[in-house]
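Engineer: Residue strings, one per chain:
2 protein chains.
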Amino acid sequence: MADKAYSGYLNPKYVPRADLIAAFYLEPAAKVPFEEAAQAVASESSIGTWTPLSTLSKKMKRKLHARVFSLNKRTGIIKIAYPLALFEKGNIPQLLSSVAGNVFGMKEVKNLKLLDINFPNRYIRSFKGPRFGIQGVRHILKVKKRPLLGTIVKPKLGLNERQHAQVALQAWLGGCDLVKDDENLTSMRFNKFEKRVRQTLRLRDKAEKISGERKAYMPNVTAPFSEMMRRAKFVKSLGCEYAMVDIVSVGWSALQDLRDADLGLILHAHRAGHAAFTRNPRHGISMLLIAKLCRLIGFDQLHVGAIVGKMHGGKREVKAIGEEIEDTIIHKGKGHVLSENWLNIKPVLAVCSGGLHPGKIPELVKAMGNDIVIQMGGGVHGHPFGTRHGAIAARQALEATMKGIPLKYATMKHFELAIALRKWG
Amino acid sequence: MADKAYSGYLNPKYVPRADLIAAFYLEPAAKVPFEEAAQAVASESSIGTWTPLSTLSKKMKRKLHARVFSLNKRTGIIKIAYPLALFEKGNIPQLLSSVAGNVFGMKEVKNLKLLDINFPNRYIRSFKGPRFGIQGVRHILKVKKRPLLGTIVKPKLGLNERQHAQVALQAWLGGCDLVKDDENLTSMRFNKFEKRVRQTLRLRDKAEKISGERKAYMPNVTAPFSEMMRRAKFVKSLGCEYAMVDIVSVGWSALQDLRDADLGLILHAHRAGHAAFTRNPRHGISMLLIAKLCRLIGFDQLHVGAIVGKMHGGKREVKAIGEEIEDTIIHKGKGHVLSENWLNIKPVLAVCSGGLHPGKIPELVKAMGNDIVIQMGGGVHGHPFGTRHGAIAARQALEATMKGIPLKYATMKHFELAIALRKWG
Numbered sequence: 001m002a003d004k005a006y007s008g009y010l011n012p013k014y015v016p017r018a019d020l021i022a023a024f025y026l027e028p029a030a031k032v033p034f035e036e037a038a039q040a041v042a043s044e045s046s047i048g049t050w051t052p053l054s055t056l057s058k059k060m061k062r063k064l065h066a067r068v069f070s071l072n073k074r075t076g077i078i079k080i081a082y083p084l085a086l087f088e089k090g091n092i093p094q095l096l097s098s099v100a101g102n103v104f105g106m107k108e109v110k111n112l113k114l115l116d117i118n119f120p121n122r123y124i125r126s127f128k129g130p131r132f133g134i135q136g137v138r139h140i141l142k143v144k145k146r147p148l149l150g151t152i153v154k155p156k157l158g159l160n161e162r163q164h165a166q167v168a169l170q171a172w173l174g175g176c177d178l179v180k181d182d183e184n185l186t187s188m189r190f191n192k193f194e195k196r197v198r199q200t201l202r203l204r205d206k207a208e209k210i211s212g213e214r215k216a217y218m219p220n221v222t223a224p225f226s227e228m229m230r231r232a233k234f235v236k237s238l239g240c241e242y243a244m245v246d247i248v249s250v251g252w253s254a255l256q257d258l259r260d261a262d263l264g265l266i267l268h269a270h271r272a273g274h275a276a277f278t279r280n281p282r283h284g285i286s287m288l289l290i291a292k293l294c295r296l297i298g299f300d301q302l303h304v305g306a307i308v309g310k311m312h313g314g315k316r317e318v319k320a321i322g323e324e325i326e327d328t329i330i331h332k333g334k335g336h337v338l339s340e341n342w343l344n345i346k347p348v349l350a351v352c353s354g355g356l357h358p359g360k361i362p363e364l365v366k367a368m369g370n371d372i373v374i375q376m377g378g379g380v381h382g383h384p385f386g387t388r389h390g391a392i393a394a395r396q397a398l399e400a401t402m403k404g405i406p407l408k409y410a411t412m413k414h415f416e417l418a419i420a421l422r423k424w425g
Numbered sequence: 001m002a003d004k005a006y007s008g009y010l011n012p013k014y015v016p017r018a019d020l021i022a023a024f025y026l027e028p029a030a031k032v033p034f035e036e037a038a039q040a041v042a043s044e045s046s047i048g049t050w051t052p053l054s055t056l057s058k059k060m061k062r063k064l065h066a067r068v069f070s071l072n073k074r075t076g077i078i079k080i081a082y083p084l085a086l087f088e089k090g091n092i093p094q095l096l097s098s099v100a101g102n103v104f105g106m107k108e109v110k111n112l113k114l115l116d117i118n119f120p121n122r123y124i125r126s127f128k129g130p131r132f133g134i135q136g137v138r139h140i141l142k143v144k145k146r147p148l149l150g151t152i153v154k155p156k157l158g159l160n161e162r163q164h165a166q167v168a169l170q171a172w173l174g175g176c177d178l179v180k181d182d183e184n185l186t187s188m189r190f191n192k193f194e195k196r197v198r199q200t201l202r203l204r205d206k207a208e209k210i211s212g213e214r215k216a217y218m219p220n221v222t223a224p225f226s227e228m229m230r231r232a233k234f235v236k237s238l239g240c241e242y243a244m245v246d247i248v249s250v251g252w253s254a255l256q257d258l259r260d261a262d263l264g265l266i267l268h269a270h271r272a273g274h275a276a277f278t279r280n281p282r283h284g285i286s287m288l289l290i291a292k293l294c295r296l297i298g299f300d301q302l303h304v305g306a307i308v309g310k311m312h313g314g315k316r317e318v319k320a321i322g323e324e325i326e327d328t329i330i331h332k333g334k335g336h337v338l339s340e341n342w343l344n345i346k347p348v349l350a351v352c353s354g355g356l357h358p359g360k361i362p363e364l365v366k367a368m369g370n371d372i373v374i375q376m377g378g379g380v381h382g383h384p385f386g387t388r389h390g391a392i393a394a395r396q397a398l399e400a401t402m403k404g405i406p407l408k409y410a411t412m413k414h415f416e417l418a419i420a421l422r423k424w425g
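Chain order of the listed sequences is A and B. Everything in the first sequence is counted per my numbering, starting at 1 for the first residue and increasing by one. Everything in the second sequence is counted per my numbering, starting at 1 for the first residue and increasing by one.
Next comes chain A alone, as it looks inside the complex:
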C-alpha cells in the first residue's frame, strides 16, 4: 500500500528552478528501502499521505508534488524540491509545518534531520530581514571595526533590580559595550522587569558619561505575546536600543510580529533550547536552518555558539552559521549543504557566547572575524577581583588581539588580564 501512495515522488532527472529546496539526512526504518523512505518524506511534506486518495487528481499531483531529485545512500543525504505554491509567503510557521512537520514522526524513517533549506528569491522577498544588521548596530554603538564586547548579568537569577543595575554598571565601566539579561530572567518576584530596566538604563547613562563610550542594555522581553510587546515598547520608551528574546521558547509566530512591528529596537536572539532538536546530528533540525530563519525574519543579532566554550558545537558548524547570517552569497560546502543568495537581506551580527573568557578571544576572533559580539558572563563576573576587573581584562584581551599582540605579552602591561589568564589559562 505504502509503495503506491508514495510512488512518483522520486525524480533524479528533475532540475529545480524556482522551487524551494530542502536537504535532509535520512535513515530509513528497518526493512524500508531508502528510496521509499525518501519518497514518504517528500509525500508527507507536500501533498500526500499514507494511502492513495480519491480526492487527489493527477493534474493536481503533477503541479504540486515534491520531488526527491538527489539521493545519496552512502551519506544519507536527500534533496527535495518543493513547488513554491506549497508555501504561503511570509509565513514561517506554515513553512515549518510543511517541511519540518509530520515527517519527523513517520514510521518509515528511523532518523531524519532537516539540514538546510535554499529559499528561492521570490520567497526571500516576502520577508524584511534585519532592520539594522551589522552596520546598523555598529553605527548605533559607534564601534567601527573591532568585535563588540558584551556580558550577561550573572548570576542568571538572584540579584534584585538595584544589584542588577550595579553589576551592569561595573561591566560597562570595565569596558563592555553591551550588557544583557540572561535567558531565564524576565519579571521575577525579586527583580521586576520595569524597575530593573529603569535602574539599569539610568546607570547606562552614567557609564556613558564616565567612559565617553556608547553603552547598551539588552533587556529580556521573553513572555506571552502581548506582554512581550508591552515590555518591548516600554524599553523603547525609556531610550533603550535593544530587546532580547529567547527565540526557541517564544516561537516563530510571535517573533515575526515582533520584527514586523518595527519598534526601532535592535533585536537580539538568544537560542536557549535549540539543542533539544539541533544537537543530534541524525535527527531534528539544524542550527544552520534556525539561523537562516532568524535572518529572514529579521533579527539583528543571533547567538551562534562559541567554538571554544561550555556548549556543544564544533568550529566548522559555528563558522558556517556565522557565514550564513553575515554573507550575501553562500556557496555549498564547509558546513553549508545548500547555496543561498540573500539578495538585499541585511547581515546579522553573530554573537559568540557560552563559556568564554578573555584567554579565548584571540582564537575566537581568528576563527570568526571582527563582525561578532564576544559575550562572556562567567568569564567577566568570575574574575577573582570581580565584574569590573573582569570586564577590563576582557577589553584588554580584545584590544591586544586587534593589535596582533599575543596575550602573554599583553599581560605584562595589564594585571587584570594577567589575573584572568592565571585563573582560566
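There may be inaccurate statements among the hints.
[Said to hold, decoys possible] Quick look at which bits of chain B chain A covers, simulated, 3 or more residues with Cβ under 8 Å:
| id | segment |
| --- | --- |
| 1 | 372-381 |
| 2 | 413-421 |
[Unchecked claim] Pairs of lysine-lysine, BS3-like flavour, derived with a Cα cap of 30 Å:
| id | chain 1 | residue 1 | chain 2 | residue 2 |
| --- | --- | --- | --- | --- |
| 3 | B | K107 | A | K423 |
| 4 | A | K58 | B | K89 |
| 5 | B | K110 | A | K110 |
| 6 | A | K319 | B | K58 |
| 7 | A | K423 | B | K58 |
| 8 | B | K403 | A | K195 |
| 9 | B | K319 | B | K192 |
| 10 | A | K366 | B | K107 |
| 11 | A | K73 | A | K61 |
| 12 | A | K192 | B | K89 |
| 13 | B | K89 | A | K31 |
| 14 | A | K110 | B | K319 |
| 15 | B | K403 | A | K63 |
| 16 | B | K144 | B | K403 |
Honestly, the hints are just simulated from the structure, not real lab data. Glycine is no exception: its CB is placed at the ideal position from the N, C-alpha and C atoms.
Chain A is fixed; fit chain B onto it per the hints.
Structural biologist: For chain B alone, coordinates are given in the frame of chain A:
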C-alpha cells in the same frame, strides 16, 4: 573548575514542598561522573554557570538554587527541585528557557531528555486552562457519549476553495462531526483562507440541515501572530466554533495570547513538528510535557497520536498522554514520571490521528476510551468509493464499536464498511 562551580546542587535528603519538579533522563558525556553532570544541569537551569561568580552570594544561592534530590544511575533518571521564585507565573517561554534551555547543549551531557514536570498548585493557578474542555466541546456538538468522528480534508494541499468545501460536505454528510484543514494549509495562492472558510461554513450549514446533526469546521489559522489573530476573529465572526493551530510551528508566546484573547473559539492543537525533539527517547523533550503545557495554556483539543497508525508513538506513551490531559489527579507510573494535581483546570479532548482507518476504531476506543476525537484523513478519502462512503464506513465502524458489535459482523449490514475493511483490513 567545573566541580567547584557546580558543587552544592546535589541533595538526596531534600524533600520538595512547593517546588517545581522536573524529571530528566541523563547520559553524562565521556569521563564526566553522573553526579557532576546532574549538578551541571541543575546549576545551568537555575542560577549557576560554568565558573564560580563574584556576584553570587551564599544567601542568594541557598534561597534560589535547584537541587538534584533523586538520582538513579541505572535508569538515568534524575529529579530536580526548583524553588518557585525562579519562574515568572503565567509565562511558559520563561519556564522553558529555564528548565528546557541551555541544558540540552551543555558539554557535560551526552544526552538529556526532559521527561516530565510537576507543576505546584500556585504555578498552575496562574493559567486559565481550556475554556471548553471535553464537556464544553461535547455540549456544543451535542454528542454525549461516543467519540467524535473527524476528518482532515485531503490532499493536504491542491484543492481550491470550492473543492475543499465540497470534500468537507461529503465528509459531514457521510457522518463526520468535525472537518479540519491540514497542518500546512493556511492561505495559499490556489486556496485563500477567507474564501475557503466562507464556502466551507456555507456547506457546513447545509450539512447540518440535511443530517440534522451538529457539524463543525476547524480552519487552520497558523500564521504570524497578528495575522493569526485576524484569521481567528474572522472565522468567529462567521459563526465558526473552532480554530486550529500548529502549536510547535507557531510557538508558546503566540499560543498563550491566542488563548488569553478568549475569542470564544474551541482551540484545536495540531502538533506537527513535535517529533523533531520528542521522538528520541534519550534527548529532547517528551510529548507528555508538551501535552501538559497545552492543557495549562488552555487548548481544548490536542493531537496525541494514534497508537495504531502511520506515526511513531507506542500505546503506553499515547495512553499516558491521554490520561495526563483528561484526568484531574495523575499518579506516577504507566508512562507518567511525575504525579500531578490539575486542580480546576479542565480536561482536554485527546485527538487520535495519523494513519487511522475504520478497521482500527475498536482497538483505538478500547485503549483510549470514549473521550477522544477519532480523526482520519486517508482512512476516509482513500475509500475506493470516495469521501462520503469513507465517512459512512468510519461512522458505521464507530457505531458498531459503541454497541460492542465486532466489525466483521457489522460488515454484513454495512457495505461501505465492508469495502473499507477489504481495502485496509
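Engineer: Could you run down the list of hints and mark each one as holding or not?
Structural biologist: Hint by hint, here is what the structure shows:
A count of 4 residues in the segment 372-381 of chain B with a Cβ less than 8 Å from any Cβ of chain A is obtained; the coverage claim is therefore met, three being the minimum. Coverage of the segment 413-421 of chain B by chain A is violated [criterion: at least 3 residues with CB-CB distance below 8 Å; count 0]. Between K107 (chain B) and K423 (chain A) the alpha-carbon distance is near 20 Å, which keeps this suggested pair within the 30 Å criterion. Between K58 (chain A) and K89 (chain B) the CA atoms are separated by roughly 52 Å; this puts the pair beyond 30 Å, and the hint is violated.
Of the pairs offered as hints, the one joining K110 (chain B) and K110 (chain A) holds, with about 20 Å between alpha carbons and a cut-off of 30 Å not exceeded. Our distance criterion of 30 Å between C-alpha atoms is broken by K319 (chain A) and K58 (chain B), whose separation comes to about 39 Å. Between K423 (chain A) and K58 (chain B) the CA atoms are separated by roughly 21 Å; this keeps the pair inside 30 Å, and the hint holds. With a C-alpha separation of about 63 Å, the suggested pair K403 (chain B) and K195 (chain A) falls outside the 30 Å cut-off, and the hint is violated.
Of the supplied pair hints, the one linking K319 (chain B) and K192 (chain B) is violated, its CA atoms being roughly 37 Å apart against a limit of 30 Å. Taken as a hint, the K366 (chain A) and K107 (chain B) pair is honoured in the structure, with Cα atoms around 23 Å apart against an allowance of 30 Å. Only pairs whose Cα atoms come within 30 Å are accepted, and K73 (chain A) paired with K61 (chain A) is accepted, the gap being roughly 26 Å. A C-alpha spacing of about 12 Å is found between K192 (chain A) and K89 (chain B), which places the hinted pair at or below 30 Å, so the restraint holds.
For the suggested pair K89 (chain B) and K31 (chain A), the alpha carbons sit about 48 Å apart, so the restraint of at most 30 Å is broken. Between K110 (chain A) and K319 (chain B) the CA atoms are separated by roughly 22 Å; this keeps the pair inside 30 Å, and the hint holds. Restraint check for K403 (chain B) and K63 (chain A): not satisfied, since their Cα atoms lie roughly 45 Å apart, outside the 30 Å limit. Proposed proximity of K144 (chain B) and K403 (chain B) is supported: the alpha carbons are some 15 Å apart, at most 30 Å.
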